[in-house]
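Chemist: Now for the letters of each chain:
Number of protein chains: 2
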Amino acid sequence: MERIYTKNLKENTGKEVKIAGFVDIRRDHGKLIFIDLRDMDGLVQMVALPNHKEAHEIAQKLRPEWVIEVEGIVNERPEKMINPDLETGTIEIEITGIKVLSEAQELPFDKDTELNLDTYLNHLPLTLRDEKKRAIFKVQANIIQGFREFLIKDNFTEIQVPKIVGEDAEGGANSFELEYFKHKAYLAQSPQFYKQIMVGVFERVFTTTSVYRAEKHSTTRHLNEYTSLDFEFGFIKDHEDIMAMQNRLLVFMVNKLKENCSKEFKILEATIPEVSEKIPQMKLKEAQELIKKETGEDCTKELDLEPQHERWLCDYAKEKLDSEFIFITHYPTAKRPMYTYEDENDLGYTKSFDLLFRGVEITTGGQRIHNYEKLVEAIKKKGFDPEKFSFYLQAFKYGMPSHGGIGMGLERLTAKMLGLENIKEATLFPRDLNRIDNLLSQ
Amino acid sequence: MERIYTKNLKENTGKEVKIAGFVDIRRDHGKLIFIDLRDMDGLVQMVALPNHKEAHEIAQKLRPEWVIEVEGIVNERPEKMINPDLETGTIEIEITGIKVLSEAQELPFDKDTELNLDTYLNHLPLTLRDEKKRAIFKVQANIIQGFREFLIKDNFTEIQVPKIVGEDAEGGANSFELEYFKHKAYLAQSPQFYKQIMVGVFERVFTTTSVYRAEKHSTTRHLNEYTSLDFEFGFIKDHEDIMAMQNRLLVFMVNKLKENCSKEFKILEATIPEVSEKIPQMKLKEAQELIKKETGEDCTKELDLEPQHERWLCDYAKEKLDSEFIFITHYPTAKRPMYTYEDENDLGYTKSFDLLFRGVEITTGGQRIHNYEKLVEAIKKKGFDPEKFSFYLQAFKYGMPSHGGIGMGLERLTAKMLGLENIKEATLFPRDLNRIDNLLSQ
Numbered sequence: 000m001e002r003i004y005t006k007n008l009k010e011n012t013g014k015e016v017k018i019a020g021f022v023d024i025r026r027d028h029g030k031l032i033f034i035d036l037r038d039m040d041g042l043v044q045m046v047a048l049p050n051h052k053e054a055h056e057i058a059q060k061l062r063p064e065w066v067i068e069v070e071g072i073v074n075e076r077p078e079k080m081i082n083p084d085l086e087t088g089t090i091e092i093e094i095t096g097i098k099v100l101s102e103a104q105e106l107p108f109d110k111d112t113e114l115n116l117d118t119y120l121n122h123l124p125l126t127l128r129d130e131k132k133r134a135i136f137k138v139q140a141n142i143i144q145g146f147r148e149f150l151i152k153d154n155f156t157e158i159q160v161p162k163i164v165g166e167d168a169e170g171g172a173n174s175f176e177l178e179y180f181k182h183k184a185y186l187a188q189s190p191q192f193y194k195q196i197m198v199g200v201f202e203r204v205f206t207t208t209s210v211y212r213a214e215k216h217s218t219t220r221h222l223n224e225y226t227s228l229d230f231e232f233g234f235i236k237d238h239e240d241i242m243a244m245q246n247r248l249l250v251f252m253v254n255k256l257k258e259n260c261s262k263e264f265k266i267l268e269a270t271i272p273e274v275s276e277k278i279p280q281m282k283l284k285e286a287q288e289l290i291k292k293e294t295g296e297d298c299t300k301e302l303d304l305e306p307q308h309e310r311w312l313c314d315y316a317k318e319k320l321d322s323e324f325i326f327i328t329h330y331p332t333a334k335r336p337m338y339t340y341e342d343e344n345d346l347g348y349t350k351s352f353d354l355l356f357r358g359v360e361i362t363t364g365g366q367r368i369h370n371y372e373k374l375v376e377a378i379k380k381k382g383f384d385p386e387k388f389s390f391y392l393q394a395f396k397y398g399m400p401s402h403g404g405i406g407m408g409l410e411r412l413t414a415k416m417l418g419l420e421n422i423k424e425a426t427l428f429p430r431d432l433n434r435i436d437n438l439l440s441q
Numbered sequence: 000m001e002r003i004y005t006k007n008l009k010e011n012t013g014k015e016v017k018i019a020g021f022v023d024i025r026r027d028h029g030k031l032i033f034i035d036l037r038d039m040d041g042l043v044q045m046v047a048l049p050n051h052k053e054a055h056e057i058a059q060k061l062r063p064e065w066v067i068e069v070e071g072i073v074n075e076r077p078e079k080m081i082n083p084d085l086e087t088g089t090i091e092i093e094i095t096g097i098k099v100l101s102e103a104q105e106l107p108f109d110k111d112t113e114l115n116l117d118t119y120l121n122h123l124p125l126t127l128r129d130e131k132k133r134a135i136f137k138v139q140a141n142i143i144q145g146f147r148e149f150l151i152k153d154n155f156t157e158i159q160v161p162k163i164v165g166e167d168a169e170g171g172a173n174s175f176e177l178e179y180f181k182h183k184a185y186l187a188q189s190p191q192f193y194k195q196i197m198v199g200v201f202e203r204v205f206t207t208t209s210v211y212r213a214e215k216h217s218t219t220r221h222l223n224e225y226t227s228l229d230f231e232f233g234f235i236k237d238h239e240d241i242m243a244m245q246n247r248l249l250v251f252m253v254n255k256l257k258e259n260c261s262k263e264f265k266i267l268e269a270t271i272p273e274v275s276e277k278i279p280q281m282k283l284k285e286a287q288e289l290i291k292k293e294t295g296e297d298c299t300k301e302l303d304l305e306p307q308h309e310r311w312l313c314d315y316a317k318e319k320l321d322s323e324f325i326f327i328t329h330y331p332t333a334k335r336p337m338y339t340y341e342d343e344n345d346l347g348y349t350k351s352f353d354l355l356f357r358g359v360e361i362t363t364g365g366q367r368i369h370n371y372e373k374l375v376e377a378i379k380k381k382g383f384d385p386e387k388f389s390f391y392l393q394a395f396k397y398g399m400p401s402h403g404g405i406g407m408g409l410e411r412l413t414a415k416m417l418g419l420e421n422i423k424e425a426t427l428f429p430r431d432l433n434r435i436d437n438l439l440s441q
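Residue numbers (numbering that gives the first Met the number 0), protein chains in the order written: chain A, 0 to 441; chain B, 0 to 441.
Just chain A, with the same shape it has in the complex (with noise of 0.2 angstroms):
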C-alpha cells in the first residue's frame, strides 16, 4: 500500500489506508488507546482497539515523538465527536497495523507546557515540531516566495550576492570581522553595493540574503543574522518610483499569504493586513510636526523617530489614514548612508523613506546617487576614503541611470505580520548576543 498524507484522508473515507508520521500525543484509556499522528502538515487522531491485538500491543508502547507507520481504516466520526478545529475533526483511523520506524528518548518536559523562550530556544530540534511554530515557519516561506514571485513577473533578475566582503555598505561599523587568509574581512550588513552594480547589468535586481550587525544589544526586534529581502532597479523619477513599488509588491504578497496561509493565520489568531492601492506618506517633518501637535511632545528637533513616535505614528495611520501602513520620507542626510540621494528642493533631507507597520519600521529604502562626482563628494563628506569604495565606485565612472530600492527584513516583517513578540520567534535558529544555537558559555 502506499502512504498517503493526513490531508488525503478525507476523501478516502470508508477506506483502508497508510499513514506515517510522529507521535503527537497518545492517551490510553485501557481498552481504547488514541494516539494523534503528525505528518507533513496536519494531524489525525487514531484508534487501537483491543481487537487488533498485535497493534494494541504496540499502541501501549508508543510514546510522544516516536515515528511510526500505521495502516488503519478511515472512519468518518459520530456528529457529537467532530472537532470543528482540526482539518481532519471529522474522521478518525480505526488502526489495523501499527510498525515502529524509530523511538524517541523521553522529553525534557511535556509537549503542552509553556516555555520560556531560553528553554524554548534550547531545544528547538525538538520545539520546532508544533503546530504554531510550524505555521509561523510555512507563513515565512511563502513571504520570501511571494517577494520573489512578484519580482521575477516585473522583469527582476534575481542576483547571488557575496556575504563576505572588503568594506562595508554601511561603513564598518557593526560588522563582524573575519580572518580570511591572513587578511581582514568583514561579513556584509547589506547587499547594497552589489544590487547597485547590477542595475547597471540587469537594470532590476533583487536578492533575498543573509545579512549580519555585530550589534551588542539584545531587543525583542533586532538579530545578528537575518535575511534581507532587496531589489534595486534604474531609470526611475525619484523615490516614489520605489515606493510605488513597493506598495504593488506588498498587495501581490499580502494576496498570496491570503491564498495559502489563512490556515496558518487562524492557528496564530493574526490578521493578514489589509495593504491599500496608495500607502499613505508624509515627511519626516510633517510626521515630527503632528506628534508635537497631537501629543504635546516636541521631537521636531530630533533626526530620526524613537520607537514610540513609530508606534504612535501607526496608530495613527491605521485610525485616521485607515492604513496598517505609512510611508515616512525625507530623514536628514546625516541620518542616512553615503549614498542617498538628497533632495534638490529639500536641502539636507534625502530621498528615501521608511515604511512603518504596526508599530516598527519594517522597510527602509529610497533614490541612491548615481552621479560619480556626486558620489564621491558624499563619501568624503561621511568621512570615508572613496579609494576604499573605488571596485563599487566604478559603475558611476562607467555610467549609471538614476536608481534606487528597498530592504526588508524576513524576520522582522513575518513577526509583525503574525503578532509575534519577540523576532527569534520568527527565526528557525537566531543568533544573538548570547547564543549560537545553545547558550555561549561566558
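Treat the hints with care, as some may be off.
Treat identical chains as interchangeable: a pair holds within one or across any two.
Computed list of lysine-lysine pairs in DSSO-like fashion (alpha-carbon distance at most 27 angstroms, straight line) [as the list claims (entries may be wrong)]:
id	residue 1	residue 2
1	Lys257	Lys152
2	Lys79	Lys317
3	Lys52	Lys14
4	Lys236	Lys98
5	Lys255	Lys137
6	Lys215	Lys181
7	Lys98	Lys6
8	Lys277	Lys60
9	Lys9	Lys291
10	Lys9	Lys132
11	Lys396	Lys30
12	Lys137	Lys152
13	Lys292	Lys181
14	Lys334	Lys387
15	Lys255	Lys152
16	Lys317	Lys379
17	Lys387	Lys132
Treat the hints as calculated values from the structure; they're not laboratory data.
Assemble chain B onto chain A, guided by the hints.
Modeler: Below, chain B alone, put in the same frame as chain A:
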C-alpha cells in the same frame, strides 16, 4: 510618452517610441551616426541623421556606457540590412531626440577586447555589462528558480538557515573562523545539520544558501564562498528515493531552461543537456573495475575518484549509456561525513552518491543515519566529541524518520551547463585566495 523596452520595439514598427539604456557601441560615419542602445534584456541599432539637428549634435558627443533616453521612429530595415543574429535585427530606430541621463568616463579598455581573468574580475561593474555575461547570470537565475519551483510543487517547505555556526557539520577543517562577541564561531560549510533537524518539523525542506570553504588551493572548479542548493526529506526507503527525486528535479530544471533560456544558450553556444527518466548508476567499486578493465589503470584500491576518472566516467556514460549524467553510489564510510548511512548489505560502504555531469561531480547526496545511538557512535568513530553536537543530536534523540538529501553547487552547475572553463565566470563576485572584489595585497 511612456518608455518601452527594446524587446517590445518590433510590435511598434512605424510608430514613435521612447526607449532608454546604455550606449553599447557608437559608430560615427559623419552624417550618419549609428548607436547601439542596450537595455534590460536587449539591444537595438539606432541612427542619428543630420535632419534632426539637435539629436545629431548630441549623438556626436556620446561615448560607450553613457546612459541616454531616446525618442525615435521604429523603421523596418531594408532586406539586405537585416541582422539575423540580433532579436531586433529587422528594425532600426531613427532618432528624433536624445536626452543624456548620465555620462561615463573613458573606458579602461575597448568593450570587445579579450581580457585575462584578473582584468575581467578587477572591472566587474563594467565587464558584467556584456551580452555573454548577462546570459550566464540569466541562466543561473533560472536554475535556482527551477530548483525552488519543483520542490515547492512537491510539498517541500523553504527554510532559512544560519551561516554563523558553533561547530561545523563537516567536522570543522577548512572552516573560516570568526570572532563572535569574544567567542569563536565559524562560517557554515553546509546547511546539513539544520536541514536534517527540519525534517523532524516539516518532513520535506529545501534551502538555497551561501556556504564557505576555507580551502587554500585555487582551481577552476572551487570557490571559497558559493551558493548551495539543498533539499532533505523523510520517510524514504533508502538513497534510491533521493536519487529518484534528484532525477525528477533535473528533468524539471532542464525543461525550465528550455522554456526560458534558449536565447541565452544560443548566445553562449552551449547545449541544454537531456536528462533521461532514469539516470544510469553504478557503485564506486564497479566504476573502478570498469576503469581498470577499459583503460588498464588500476584505481580499485582508492577510496574516491580522481578528477580524471570522473571525466572518463562521464565520457563513458555519454558514449555507452547515452546520458550526460551518471550516479556513482556506495562511497566508503571512511570518505564520507559522520552522518552518512552505512549499507547493511555492503559493510564499509555507504548509501551515498555523487552525481557526475560533463566531467565533474555536481551533487553529493545520500541517506543519513536517523538512529540516535548509531549517530553518536558514528561521531565518535570519526574522532569527534558527541557533546559538541548535542544541539543537533536532539533531533535524533526525540525521534527521527529515515531521511536523506542532496547538496548542489549553483555556480558549478551553471558553469557546467554553459561549458564555462572557470567557475569564477559563473559567479558574480567570486571570492578566492587572493581576491575579495579587488586583489588582496600580499
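Chemist: Evaluate each hint against the coordinates.
Modeler: Tested hints:
In the homo-oligomer, the alpha carbons of lysine 257 and lysine 152 lie at most 27 angstroms apart both inside one protomer (19 angstroms) and across protomers (18 angstroms), since each shortest distance falls under that limit. Taking identical chains as interchangeable, the C-alpha atoms of lysine 79 and lysine 317 are never at most 27 angstroms apart, the minima being 42 angstroms within one chain and 64 angstroms between chains. For the identical chains of this complex, lysine 52 and lysine 14 are intra-copy neighbours only, at 20 angstroms inside a copy versus 82 angstroms across copies, given an alpha-carbon limit of 27 angstroms. Taking CA atoms no more than 27 angstroms apart as the test, lysine 236 paired with lysine 98 passes between copies only; the shortest distance there is 14 angstroms, against 65 angstroms inside one copy.
For the homomeric pair lysine 255 and lysine 137, the shortest alpha-carbon distances inside one copy (12 angstroms) and between copies (25 angstroms) are both at most 27 angstroms. Taking identical chains as interchangeable, the C-alpha atoms of lysine 215 and lysine 181 lie at most 27 angstroms apart whether they share a chain (26 angstroms) or sit on different chains (11 angstroms). In this assembly of identical chains, lysine 98 and lysine 6 lie within 27 angstroms of each other by CA distance solely inside one copy; the values are 21 angstroms within and 59 angstroms between copies. Neither within a single protomer nor between protomers do lysine 277 and lysine 60 lie at most 27 angstroms apart by alpha-carbon distance, with minima of 59 angstroms and 42 angstroms respectively.
For the homomeric pair lysine 9 and lysine 291, neither the shortest alpha-carbon distance inside one copy (59 angstroms) nor that between copies (57 angstroms) is at most 27 angstroms. For the homomeric pair lysine 9 and lysine 132, the shortest alpha-carbon distance inside one copy (25 angstroms) is at most 27 angstroms, but the shortest distance between copies (52 angstroms) is not. For the homomeric pair lysine 396 and lysine 30, neither the shortest alpha-carbon distance inside one copy (81 angstroms) nor that between copies (30 angstroms) is at most 27 angstroms. Within a single copy, lysine 137 and lysine 152 get their C-alpha atoms as close as 22 angstroms, and across copies as close as 14 angstroms, so both meet the 27 angstroms cut-off.
Proximity of lysine 292 and lysine 181 under a CA criterion of 27 angstroms is satisfied in neither setting, with 57 angstroms inside one chain copy and 47 angstroms between copies. Only within a single protomer do lysine 334 and lysine 387 lie at most 27 angstroms apart by alpha-carbon distance; the minimum there is 21 angstroms, versus 43 angstroms between protomers. For a Cα distance limit of 27 angstroms, the shortest separation of lysine 255 from lysine 152 qualifies both inside one copy, at 14 angstroms, and across copies, at 15 angstroms. In the homo-oligomer, the alpha carbons of lysine 317 and lysine 379 never lie at most 27 angstroms apart, since the shortest distance is 41 angstroms inside one protomer and 58 angstroms across protomers.
Taking the closest pair of Cα atoms, lysine 387 and lysine 132 come within 27 angstroms of each other only across two copies (26 angstroms); inside a single copy the shortest separation is 44 angstroms, beyond that limit.
This entry does not satisfy hints 2, 8, 9, 11, 13, 16, going by the numbered hints stated previously.
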